[in-house]
Amino acid sequence: MSIFWRMLMDELQFIGINSIPIVALMSTFMGAVISLQTASNMDSPLLPAYTVGYITQSSIILEFSPTIISLILAGKVGSNIASEIGTMRITEQIDALEIMGVNSINHLMLPKILASILYFPVLIVFSMFLGMFGGFLALVISDLQTTETYILGLRSWFDPYNIFYALTKTVAFGFIIVSISSFYGYYVKGGSLDVGKASTKAVVVSSVVILIANFIITKLMLL
Amino acid sequence: MISVRNINKTFGKQQVLYDVGADFQSGRVNLIIGQSGQGKSVLAKCMVGLHEVDSGQILFDGRDFTSMDKSDRAEIRQEIGMLFQGSALFDSMTVEENVKFPLSMFTKMTKKEMQDRVDFCLDRVNLQGRNALYPSECSGGMQKRVGIARAIAMNPKYLFCDEPNSGLDPKTAIVIDSLIKDITYEYGITTIVITHDMNSVMEIGDNVIFIHQGKKWWEGDRHTIITTDNPEIEAFVFASEFMKKIRSSLKERIK
Chain C
376 MSIFWRMLMD ELQFIGINSI PIVALMSTFM GAVISLQTAS NMDSPLLPAY
426 TVGYITQSSI ILEFSPTIIS LILAGKVGSN IASEIGTMRI TEQIDALEIM
476 GVNSINHLML PKILASILYF PVLIVFSMFL GMFGGFLALV ISDLQTTETY
526 ILGLRSWFDP YNIFYALTKT VAFGFIIVSI SSFYGYYVKG GSLDVGKAST
576 KAVVVSSVVI LIANFIITKL MLL
Chain D
26 MISVRNINKT FGKQQVLYDV GADFQSGRVN LIIGQSGQGK SVLAKCMVGL
76 HEVDSGQILF DGRDFTSMDK SDRAEIRQEI GMLFQGSALF DSMTVEENVK
126 FPLSMFTKMT KKEMQDRVDF CLDRVNLQGR NALYPSECSG GMQKRVGIAR
176 AIAMNPKYLF CDEPNSGLDP KTAIVIDSLI KDITYEYGIT TIVITHDMNS
226 VMEIGDNVIF IHQGKKWWEG DRHTIITTDN PEIEAFVFAS EFMKKIRSSL
276 KERIK
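Line by line, the protein sequences give chains C and D.
Mapping to the working numbering: the first sequence position 88 is 463, numbers consecutive.
Mapping to the working numbering: the second sequence position 169 is 194, numbers consecutive.
These are calculated hints, taken from the structure and not from any lab test.
Model, not experiment: these values are computed from the prediction.
Treat each hint with caution, since some may be false.
Unchecked claim - The list that follows gives simulated cross-link-like pairs (lysine-lysine, DSSO-like), each with its CA atoms no further than 30 Å apart:
1) Lys-240/D x Lys-270/D
2) Lys-564/C x Lys-206/D
3) Lys-564/C x Lys-70/D
4) Lys-576/C x Lys-70/D
5) Lys-196/D x Lys-182/D
6) Lys-70/D x Lys-137/D
7) Lys-240/D x Lys-572/C
8) Lys-564/C x Lys-95/D
9) Lys-38/D x Lys-576/C
10) Lys-240/D x Lys-276/D
11) Lys-270/D x Lys-196/D
12) Lys-594/C x Lys-572/C
13) Lys-70/D x Lys-572/C
14) Lys-206/D x Lys-276/D
15) Lys-206/D x Lys-240/D
16) Lys-196/D x Lys-70/D
17) Lys-182/D x Lys-70/D
18) Lys-38/D x Lys-95/D
19) Lys-240/D x Lys-70/D
20) Lys-576/C x Lys-564/C
21) Lys-38/D x Lys-564/C
22) Lys-196/D x Lys-276/D
23) Lys-564/C x Lys-451/C
24) Lys-38/D x Lys-70/D
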């Protein structure tokens, strides 16, 4: 297997597979809380009971899974990428690549960017399912709704375009997280303290850029 | 042979190198020595293209490295092996993968040929059977030897060693020095070692260049460095009382 494919597989493992537990945990509880909060605010008899399922579905697909999970991944994946590349910089591993004649930016960043673009949508779809499942657990176990009513709500006014919109956002967020974190790691100067600072800065800047990009993409795609 | 001609380098407003010029012959161990902060590492980094020079020329067997574009530089860089001060081994790779890395990036060797080359390089630095270790599992001396194995994997024409003995005990430092010397003579490589270890100077210094205040202050070899009356060399080489005593006894013997 060529070095590139091996690195891509490693990144898929690191960025994708290793993020599954945190995504699963966050999504399940997020979905549960959204459904409970929606149910607690739906006290008008004019609103049908299945509205809770519909609002949970819409909130999770449109905003919570793509944006909140991406912000969580900016913390987990972004800080790790920045500190990994930053450590390579201060221990002269990047200089070693350059002297060998390797294009270090391409070599280090391309597999990470590709892995994030390929795997972030998978994680987000997984998060959507788990979020809705979390809502189901919270409502049905608490005896607030029946399974049929909740599922009817999830299926009501479902628009596949929302999935397209959410995954488009996700790909953009994945690219933002990896490229910004790689940038801060690659250009770090100094010692281990500076790697820590670069890592923190990468997470903060990625998060802010995600919020701005979220607004722009929403404006372009939904309105 | 590597030649540097009138190299000037500044960082911001601070000039670090002033008109440095020197020839580094093939098949010889060329040492660049000097106190910390005098510009010897900057000179080496300029020579391998990690820093761009402000003016001057760097010639690799007559090929002007400074005026080359990126792709031509990449070709020359494949002829360069470099041993870094901290070894700069890739943490995520085993010893074998580190040595194999340049081969899989730049050659079309078969798996078998690559494995043979890796084994040969590891044998050459006395690390046979350590293929599966990770850098974090190796001692400082072993890491340096892996660094040398990686540096010679591509049969380089030019070998740069940045303070190869830093952080090593005297005995291991001698092993590393001997390896560098043997490899240089065996393959006729142009070797440049940046060091301030006087043991290295005495052991392997075929050609010694002393950098002081960003200038080439003195040039000689391991024999002439003992007898020179250059005050800056004296202050650097014979800084301790012990070295001063050795020097005076050596001078008396020479007389």
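Here's how the hints hold up against the structure:
Taking the CA atoms of Lys-240/D and Lys-270/D, the gap is near 29 Å; set against the 30 Å cutoff, the hint holds. Proximity of Lys-564/C to Lys-206/D is assessed by CA-CA distance (about 34 Å); at most 30 Å being required, the pair is judged violated. Between the alpha carbons of Lys-564/C and Lys-70/D the distance comes to roughly 16 Å, so the proposed pair stays at or under 30 Å and holds. Pair hint Lys-576/C plus Lys-70/D holds up; C-alpha atoms about 29 Å apart against a cutoff of 30 Å.
Pair hint Lys-196/D plus Lys-182/D holds up; C-alpha atoms about 28 Å apart against a cutoff of 30 Å. Distance restraint check for Lys-70/D and Lys-137/D: the Cα-Cα separation of roughly 35 Å exceeds the 30 Å cut-off, and the hinted pair is therefore not satisfied. Pair hint Lys-240/D plus Lys-572/C does not hold up; C-alpha atoms about 36 Å apart against a cutoff of 30 Å. About 24 Å separates the Cα atoms of Lys-564/C and Lys-95/D, which keeps this hinted pair within 30 Å; it holds.
Note on Lys-38/D and Lys-576/C: the hinted pairing holds, with a Cα-Cα distance of about 29 Å set against a maximum of 30 Å. Only pairs whose Cα atoms come within 30 Å are accepted, and Lys-240/D paired with Lys-276/D is accepted, the gap being roughly 28 Å. Taking the CA atoms of Lys-270/D and Lys-196/D, the gap is about 23 Å. The hint holds against a cut of 30 Å. In summary, the hint linking Lys-594/C to Lys-572/C is not supported, as the alpha carbons are separated by about 33 Å, beyond the 30 Å threshold.
With a CA separation close to 26 Å, the supplied pair Lys-70/D and Lys-572/C stays within the 30 Å bound. Using a Cα cut-off of 30 Å, the hinted pair Lys-206/D and Lys-276/D holds, with the two alpha carbons roughly 26 Å apart. Between Lys-206/D and Lys-240/D the CA atoms are separated by roughly 26 Å; this keeps the pair inside 30 Å, and the hint holds. A threshold of 30 Å between alpha carbons decides the hint, and for Lys-196/D with Lys-70/D the separation of about 28 Å falls inside it, so the pair holds.
Among the hinted pairs, Lys-182/D with Lys-70/D is consistent with the structure: their alpha-carbon atoms are about 17 Å apart, no more than 30 Å. Under the criterion of a C-alpha separation no larger than 30 Å, the hint pairing Lys-38/D with Lys-95/D is consistent with the structure, at around 27 Å. About 16 Å separates the Cα atoms of Lys-240/D and Lys-70/D, which keeps this hinted pair within 30 Å; it holds. Taken as a hint, the Lys-576/C and Lys-564/C pair is honoured in the structure, with Cα atoms around 14 Å apart against an allowance of 30 Å.
Taking the CA atoms of Lys-38/D and Lys-564/C, the gap is near 19 Å; set against the 30 Å cutoff, the hint holds. With a C-alpha separation of about 27 Å, the suggested pairing of Lys-196/D with Lys-276/D holds against the 30 Å cut-off. With a CA separation close to 22 Å, the supplied pair Lys-564/C and Lys-451/C stays within the 30 Å bound. At roughly 19 Å between alpha-carbon atoms, Lys-38/D and Lys-70/D fall within 30 Å of each other, so this suggested pair holds.
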